[in-house]
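Asker: Sequence:
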Amino acid sequence: MKLLLLSYISCISLLTFFLFQDKELEESISRGADIYSDFCINCHMANGEGVEKTFPPLAKSDFLLNKREESIRGVKYGQQGYILVNGVAYNNIMPPMGLEDEEIADVMNYILNSWGNKSDSIVTPEEVSMNVNK
1 MKLLLLSYIS CISLLTFFLF QDKELEESIS RGADIYSDFC INCHMANGEG VEKTFPPLAK
61 SDFLLNKREE SIRGVKYGQQ GYILVNGVAY NNIMPPMGLE DEEIADVMNY ILNSWGNKSD
121 SIVTPEEVSM NVNK
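Quick note, the sequence shown lines up with residues 1 to 134 if you use the UniProt record's numbering.
Fair warning: there could be bad hints in the mix.
Unchecked claim - Straight line, CA to CA, 20 Å or less: simulated SDA-like cross-link-like pairs of lysine to any residue:
1) 67 / 78
2) 67 / 96
3) 67 / 87
What the hints assert, rightly or not - Beta-carbon label-pair distances, calculated as ranges:
4) 53 / 126: 29 to 39 Å
5) 22 / 89: 34 to 44 Å
6) 118 / 31: 16 to 26 Å
7) 27 / 82: 27 to 37 Å
8) 129 / 52: 26 to 36 Å
9) 87 / 47: 14 to 24 Å
For the record, the hints were derived by calculation from the structure and aren't laboratory data. Cβ coordinates follow ideal geometry from the N, Cα and C atoms, glycine included.
Working from the sequences, and respecting the hints, build out all of it.
Answerer: Structure representation (structure tokens):
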């Protein structure tokens with residue numbers, strides 16, 4: 001009986017955690033869409049496809065999905081120099097946007113879950129704050 005009760009409580013706890021995380025992610029994505037419209041849309045376009053050989057795509061971006069820390073750092077501190085995105089070389093400058101850690105987490109959650117991108121985990125403000133300039 002104790003084992004059954006313990007199993008039941010564990011299942012309920014896990015289910016609650018995942019349901020809460022999904023709601024938290026949805027709210028973050030919604031806030032991130034507004035931030036994207038204010039700060040990112042001019043270069044990366046409304047559909048996230050960027051401008052070929054000038055501004056890299058965020059849609060279906062192998063760089064975003066495979067280099068999460070570098071992507072966060074790029075939004076936080078700006079990006080310059082050579083990067084390879086979906087097999088295309090980019091060598092341009094993206095200035096820092098001056099966003100707070102929570103805003104960076106929100107916009108990262110938006111782009112990591114839009115235009116064919118799907119992230120397995122939520123970006124948190126704590127993750128952003130730990131991501132120092134290297």
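Asker: If a hint holds in the structure, say so; if it does not, say that too.
Answerer: Structure-based check of all given hints:
{"no.": "1", "hint": "67 / 78", "result": "holds, 15 Å"}
{"no.": "2", "hint": "67 / 96", "result": "holds, 18 Å"}
{"no.": "3", "hint": "67 / 87", "result": "holds, 14 Å"}
{"no.": "4", "hint": "53 / 126: 29 to 39 Å", "result": "holds, 35 Å"}
{"no.": "5", "hint": "22 / 89: 34 to 44 Å", "result": "holds, 37 Å"}
{"no.": "6", "hint": "118 / 31: 16 to 26 Å", "result": "holds, 19 Å"}
{"no.": "7", "hint": "27 / 82: 27 to 37 Å", "result": "holds, 36 Å"}
{"no.": "8", "hint": "129 / 52: 26 to 36 Å", "result": "holds, 34 Å"}
{"no.": "9", "hint": "87 / 47: 14 to 24 Å", "result": "holds, 19 Å"}
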